[in-house]
Amino acid sequence: DVLSSVLRTVEDVMTKQVVWLEERDNLAKAMDVMQEGKFRHVPIVDKQGRLTGIISDRDILRYLPMRSRQDQIQGTRDEVFRSNLFDVAPEDASLGLPVKNIMSREIVHVLPTCGFYDAVNMLHEMKISCLPVVDDEKKLRGIVTATDVMRGLLVAYKLTAKSEV
3 DVLSSVLRTV EDVMTKQVVW LEERDNLAKA MDVMQEGKFR HVPIVDKQGR
53 LTGIISDRDI LRYLPMRSRQ DQIQGTRDEV FRSNLFDVAP EDASLGLPVK
103 NIMSREIVHV LPTCGFYDAV NMLHEMKISC LPVVDDEKKL RGIVTATDVM
153 RGLLVAYKLT AKSEV
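Its first residue numbered 3, the sequence shown is counted upward by one per residue in this note's numbering.
Read the hints as simulated data drawn from the structure, not as lab findings.
Don't take every hint at face value.
Here are the computed distance ranges between Cβ atoms for each label pair [to be verified]:
id: 1; residue 1: TYR159; residue 2: ARG42; range: 24 to 30 Å
id: 2; residue 1: ASP14; residue 2: VAL110; range: 17 to 23 Å
id: 3; residue 1: MET128; residue 2: LYS49; range: 25 to 31 Å
id: 4; residue 1: THR162; residue 2: GLN37; range: 34 to 40 Å
id: 5; residue 1: LEU99; residue 2: SER6; range: 23 to 29 Å
id: 6; residue 1: ASP138; residue 2: ARG60; range: 16 to 22 Å
id: 7; residue 1: THR115; residue 2: ARG153; range: 18 to 24 Å
id: 8; residue 1: GLU127; residue 2: ASP34; range: 30 to 36 Å
id: 9; residue 1: TYR119; residue 2: ASP48; range: 28 to 34 Å
Cross-link-like lysine-lysine pairs, in silico, DSS-like; alpha carbons within 30 Å at most [unchecked claim]:
id: 10; residue 1: LYS40; residue 2: LYS160
id: 11; residue 1: LYS102; residue 2: LYS141
id: 12; residue 1: LYS31; residue 2: LYS18
id: 13; residue 1: LYS40; residue 2: LYS102
id: 14; residue 1: LYS140; residue 2: LYS18
id: 15; residue 1: LYS129; residue 2: LYS31
id: 16; residue 1: LYS141; residue 2: LYS49
id: 17; residue 1: LYS49; residue 2: LYS140
id: 18; residue 1: LYS31; residue 2: LYS140
id: 19; residue 1: LYS40; residue 2: LYS129
id: 20; residue 1: LYS164; residue 2: LYS18
id: 21; residue 1: LYS31; residue 2: LYS160
id: 22; residue 1: LYS141; residue 2: LYS31
id: 23; residue 1: LYS160; residue 2: LYS129
id: 24; residue 1: LYS102; residue 2: LYS140
id: 25; residue 1: LYS49; residue 2: LYS31
id: 26; residue 1: LYS160; residue 2: LYS102
id: 27; residue 1: LYS164; residue 2: LYS129
id: 28; residue 1: LYS141; residue 2: LYS18
id: 29; residue 1: LYS18; residue 2: LYS102
id: 30; residue 1: LYS129; residue 2: LYS141
id: 31; residue 1: LYS102; residue 2: LYS31
id: 32; residue 1: LYS18; residue 2: LYS129
id: 33; residue 1: LYS140; residue 2: LYS129
id: 34; residue 1: LYS164; residue 2: LYS40
id: 35; residue 1: LYS18; residue 2: LYS49
id: 36; residue 1: LYS141; residue 2: LYS40
id: 37; residue 1: LYS40; residue 2: LYS18
For each residue, glycine too, the CB sits at the ideal point set by N, CA and C.
Could you build the full structure based on these sequences and the hints that come with them?
Below you can see the structure in the form of structure tokens.
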């Protein structure tokens with residue numbers, strides 16, 4: 003069938019140009035990277051490029067002190083939420099924390115040869131929204147997100163529609 007011939011492995015859908023941080027990078031840099039790229043997760047690697055963790059917007063929010071946001075209610079609820087998600091005083095000491103102190107170390111990851119269906123099933127069953135893709139040495143090679151899955155399905159659907167004409 004067309005779907006399984008187009009979407010065989012995670013390598014067929016993964017994002018290959020992954021934005022990552024090193025363990026020694028601080029919380030301020032993680033926040034900047036996430037806000038600029040509109041990412042919810044950023045993989046963390048060691049000096050050799052091996053995956054050692056992942057940091058999410060939720061991990062960061064657990065470490066940030068809450069600030070009053072009553073004076074900032076302009077725009078839609080989503081705009082207000084996104085623009086103020088990491089609203090923190092620039093002098094806050096938590097901004098200097100290395101990401102290795104905050105990241106999740108228990109990371110579900112896959113090899114590029116992992117089957118597409120298996121990866122989608124992992125995302126669904128484990129209720130996670132991304133899968134870092136590593137090689138045999140645990141070096142980061144890509145990432146698969148729900149967006150990547152949808153993009154792959156859209157391509158497969160278009161190919162299926164063309165083949166039925």
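Going down the list of hints, with the structure as the test:
1. Checked against the given bound of 24 to 30 Å, the beta carbons of TYR159 and ARG42, roughly 25 Å apart, stay inside it.
2. At about 19 Å, the CB distance of ASP14 to VAL110 agrees with the hint of 17 to 23 Å.
3. Taking the beta carbon of each, MET128 and LYS49 are about 29 Å apart, inside 25 to 31 Å as hinted.
4. At roughly 37 Å, the beta carbons of THR162 and GLN37 sit within the given window of 34 to 40 Å.
5. A hinted range of 23 to 29 Å for the beta carbons of LEU99 and SER6 is inconsistent with their spacing of about 45 Å.
6. Checked against the hint of 16 to 22 Å, the C-beta distance between ASP138 and ARG60 comes to roughly 30 Å, which is inconsistent with it.
7. Checked against the hint of 18 to 24 Å, the pair THR115 and ARG153 passes, with Cβ atoms roughly 20 Å apart.
8. Restraint check, GLU127 to ASP34: a C-beta distance of roughly 33 Å satisfies the suggested window 30 to 36 Å.
9. Under the hint 28 to 34 Å, the C-beta atoms of TYR119 and ASP48, about 31 Å apart, fit the expected range.
10. With a C-alpha separation of about 27 Å, the suggested pair LYS40 and LYS160 falls inside the 30 Å cut-off, and the hint holds.
11. Only pairs whose Cα atoms come within 30 Å are accepted, and LYS102 paired with LYS141 is accepted, the gap being roughly 17 Å.
12. Pair hint LYS31 plus LYS18 holds up; C-alpha atoms about 21 Å apart against a cutoff of 30 Å.
13. Between the alpha carbons of LYS40 and LYS102 the distance comes to roughly 21 Å, so the proposed pair stays at or under 30 Å and holds.
14. Between the alpha carbons of LYS140 and LYS18 the distance comes to roughly 15 Å, so the proposed pair stays at or under 30 Å and holds.
15. Pair hint LYS129 plus LYS31 holds up; C-alpha atoms about 27 Å apart against a cutoff of 30 Å.
16. For the suggested pair LYS141 and LYS49, the alpha carbons sit about 10 Å apart, so the restraint of at most 30 Å is met.
17. Only pairs whose Cα atoms come within 30 Å are accepted, and LYS49 paired with LYS140 is accepted, the gap being roughly 12 Å.
18. The suggested pairing of LYS31 with LYS140 holds, with an alpha-carbon distance near 23 Å, which does not exceed 30 Å.
19. For the hint pairing LYS40 with LYS129, the CA-to-CA distance comes to about 20 Å; that is within 30 Å, so the pair holds.
20. Between LYS164 and LYS18 the alpha-carbon distance is near 27 Å, which keeps this suggested pair within the 30 Å criterion.
21. In summary, the hint linking LYS31 to LYS160 is not supported, as the alpha carbons are separated by about 39 Å, beyond the 30 Å threshold.
22. For the hint linking LYS141 to LYS31, the alpha-carbon distance of about 22 Å falls within 30 Å, and the restraint holds.
23. Only pairs whose Cα atoms come within 30 Å are accepted, and LYS160 paired with LYS129 is accepted, the gap being roughly 28 Å.
24. Taken as a hint, the LYS102 and LYS140 pair is honoured in the structure, with Cα atoms around 17 Å apart against an allowance of 30 Å.
25. Our distance criterion of 30 Å between C-alpha atoms is met by LYS49 and LYS31, whose separation comes to about 17 Å.
26. Annotation: proposed proximity of LYS160 to LYS102 is violated, straight-line Cα distance about 42 Å (limit 30 Å).
27. With a C-alpha separation of about 33 Å, the suggested pair LYS164 and LYS129 falls outside the 30 Å cut-off, and the hint is violated.
28. A distance of roughly 12 Å separates the Cα atoms of LYS141 and LYS18; the hinted pair therefore holds under the 30 Å criterion.
29. Our distance criterion of 30 Å between C-alpha atoms is met by LYS18 and LYS102, whose separation comes to about 23 Å.
30. The straight-line distance between the Cα atoms of LYS129 and LYS141 is roughly 24 Å, inside the 30 Å bound, and the hint therefore holds.
31. Our distance criterion of 30 Å between C-alpha atoms is met by LYS102 and LYS31, whose separation comes to about 13 Å.
32. Annotation: proposed proximity of LYS18 to LYS129 holds, straight-line Cα distance about 23 Å (limit 30 Å).
33. This hinted pair checks out: LYS140 and LYS129 have alpha carbons roughly 23 Å apart, not beyond 30 Å.
34. Pair hint LYS164 plus LYS40 does not hold up; C-alpha atoms about 33 Å apart against a cutoff of 30 Å.
35. Restraint check for LYS18 and LYS49: satisfied, since their Cα atoms lie roughly 19 Å apart, inside the 30 Å limit.
36. The hinted pair formed by LYS141 and LYS40 meets the criterion: a straight-line CA distance of about 24 Å does not exceed 30 Å.
37. Straight-line distance between C-alpha atoms of LYS40 and LYS18 comes to about 17 Å, which keeps the hinted pair within the 30 Å bound.
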